[in-house]
Amino acid sequence: MQKKEENMNEWFNELIRETELVDDRYNVKGFVIYREWCAMSLKKMYNIFESVLNKKNHMPLFMPVVIPEQNFYKEAEHVKGFTPEVFWVTEHGDKEKLEEKLALRPTSETAFYQMYSLWIRSYNDLPYKRYQSGSVYRYETKATRPFLRGREFLWIETHCAFRDEKAALEQIQEDMETTKEVITNVFGIPVLFLQRPQWDKFAGAVNTYAADTITQNGKFLQTATTHYLGTSFAKAFDVKYKDENGKDNLAHLTCYGPGISREFGTIVAIHGDNKGLRFPFEIAPKQIVIVPVLIKGKEKEVLKKVKDIYKKLSKTYEVILDDNTQKTPGEKFYFWEMKGVPIRIEIGPRDIENKKVGIFRRDLNSKEFILEKDLTKTISKIAKEFTSNLKNQAEKAFTENIVEVKDMKALEKALESNKVVRAPFCSIDKDGEKYADMIKEKTGAEIKGIILTKETAPKELCIASGKPAKHYVYIGRGY
RNA sequence: GGGGCCGUGGUGUAGCCCGGUAAGCAUCUAAGCUUUGGGAGCUUAAGACCCCGGUUCAAAUCCGGGCGGCCUCACCA
Numbered sequence: 003m004q005k006k007e008e009n010m011n012e013w014f015n016e017l018i019r020e021t022e023l024v025d026d027r028y029n030v031k032g033f034v035i036y037r038e039w040c041a042m043s044l045k046k047m048y049n050i051f052e053s054v055l056n057k058k059n060h061m062p063l064f065m066p067v068v069i070p071e072q073n074f075y076k077e078a079e080h081v082k083g084f085t086p087e088v089f090w091v092t093e094h095g096d097k098e099k100l101e102e103k104l105a106l107r108p109t110s111e112t113a114f115y116q117m118y119s120l121w122i123r124s125y126n127d128l129p130y131k132r133y134q135s136g137s138v139y140r141y142e143t144k145a146t147r148p149f150l151r152g153r154e155f156l157w158i159e160t161h162c163a164f165r166d167e168k169a170a171l172e173q174i175q176e177d178m179e180t181t182k183e184v185i186t187n188v189f190g191i192p193v194l195f196l197q198r199p200q201w202d203k204f205a206g207a208v209n210t211y212a213a214d215t216i217t218q219n220g221k222f223l224q225t226a227t228t229h230y231l232g233t234s235f236a237k238a239f240d241v242k243y244k245d246e247n248g249k250d251n252l253a254h255l256t257c258y259g260p261g262i263s264r265e266f267g268t269i270v271a272i273h274g275d276n277k278g279l280r281f282p283f284e285i286a287p288k289q290i291v292i293v294p295v296l297i298k299g300k301e302k303e304v305l306k307k308v309k310d311i312y313k314k315l316s317k318t319y320e321v322i323l324d325d326n327t328q329k330t331p332g333e334k335f336y337f338w339e340m341k342g343v344p345i346r347i348e349i350g351p352r353d354i355e356n357k358k359v360g361i362f363r364r365d366l367n368s369k370e371f372i373l374e375k376d377l378t379k380t381i382s383k384i385a386k387e388f389t390s391n392l393k394n395q396a397e398k399a400f401t402e403n404i405v406e407v408k409d410m411k412a413l414e415k416a417l418e419s420n421k422v423v424r425a426p427f428c429s430i431d432k433d434g435e436k437y438a439d440m441i442k443e444k445t446g447a448e449i450k451g452i453i454l455t456k457e458t459a460p461k462e463l464c465i466a467s468g469k470p471a472k473h474y475v476y477i478g479r480g481y
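Here the first sequence is numbered in our numbering, starting from 3 and rising by one per residue.
One or more of the hints may lead you astray.
Said to hold, decoys possible - Restricting the straight-line Cα-Cα distance to at most 25 Å, the calculated cross-link-like pairs of lysine-lysine (BS3-like) are:
id: 1; residue 1: 5; residue 2: 369
id: 2; residue 1: 436; residue 2: 221
id: 3; residue 1: 288; residue 2: 358
id: 4; residue 1: 277; residue 2: 329
id: 5; residue 1: 313; residue 2: 300
id: 6; residue 1: 277; residue 2: 398
Hints are computed from structural coordinates only; laboratory data are not their basis.
Construct the entire structure; sequences and hints are all you get.
As structure tokens, this is what we get:
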């Protein structure tokens, strides 16, 4: 098998094929099948995200997958940004034209806000927080890849309406906390919260805020974005509320889009190692596998023992009992490690004699034999620390992959050695764009944005323009 | 969209340059025996030359076109 550190792309492609996460042999380009082992985990990811959103007073709904052309054309910037990527439904039956073209939603602002103008009437209706889980469709150009860039992908999109900018910006904060709670703490993926430059924001937004992670080969990978849309969509779709004085006001809108299928790919890319997948404990398709060691003449007592343990652990965890007799234990060990099951329990005649069980843990790739009476205690201890071990390992690589630079030479050098950089830069407003273009041309890397925690302005000069720098920006190549 | 590489059983490949044997190997699948503490062994079975056209006595192999894939650049919340 390919080594991750040698060729991450090939390692990734090989891994997702070997582990049967997706089947990309479906005969439509950019559309893949998320198979069982992957789907079990995707569902858990959805559940966790949804329950966090529900706790924060979002409510679910399901919007239609098609959006009429006229909705799509209501917000000028939005159309301009998305039109090249839209799949249009134009016919029915035997080549009869539809009266109106329908877009397969590339994102659902223009579906939600059409209805928000009917549903939102007064300030008493605000804040108005809804979300849907589902798939969206974008005609990406030919460089599609499973999980990271598909023409169909799975995500959640929230759409919220507020009285004013202040309330809307608080929602942006909440979205980022949600990202941290779920993507970092449960999925174990470290992220940087970045405000995108003006030239790289969501089509139609006032500002775009992203949660970017960094892969071990030094590329940015966007896991979620949240957008402050201001009132432009509200104006286009007539989303108004009456205030206490009976006066009409435009609602301030935000939307948040954590990409579930892409986050899954990120989990594979970040946590996977040369033995295969490693799932965070909470979203592992199965959390524990039990492998009996069946020695001739002693199968009976071993099988009885593992069935007891299986039954006991199944009350709390999702467990598989691999009692297949055609495969040797060694082969099963390799197999389940590749599949990313967090904990493996081994039991053979010797262990029964010693009142012990073998425990292998995939976060540390280590094995020990413990007393059987300590089993549940040990498992719950491992379960508790498993994901944070993965997270810490990921964070170490993440931090090491960011380097500080003060000039173009150092920038080029850092990018060449597969790092992303933090550097002083003149401006992420329109006036900085030409210098960003300059960097792009010279190095192929992009300005991904500024970090959101308050920072004092740099004393250094901008690495591209030589003007005083307003910000430290993060620069790198992306997926 | 540009450039490069490629298309052989379910999967990974050899064969192609230099046309001709029963298209080889590994894995997977099924059946049986035997084994099982870190990828066991044997026997048997099943399974493939992307599509269309051309050249030729003869095409997996050469030529043209199509379709599809991978890498890469551009584009892209």
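Quick rundown of the hints versus the structure:
Between residue 5 and residue 369 the CA atoms are separated by roughly 23 Å; this keeps the pair inside 25 Å, and the hint holds. Of the supplied pair hints, the one linking residue 436 and residue 221 holds, its CA atoms being roughly 22 Å apart against a limit of 25 Å. Using a Cα cut-off of 25 Å, the hinted pair residue 288 and residue 358 holds, with the two alpha carbons roughly 23 Å apart. Pair hint residue 277 plus residue 329 holds up; C-alpha atoms about 19 Å apart against a cutoff of 25 Å.
Of the pairs offered as hints, the one joining residue 313 and residue 300 holds, with about 21 Å between alpha carbons and a cut-off of 25 Å not exceeded. Distance check on the hinted pair: residue 277 and residue 398 sit about 20 Å apart at the alpha-carbon level, within 25 Å; holds.
Comparing the model with each numbered hint stated earlier shows that all of them hold.
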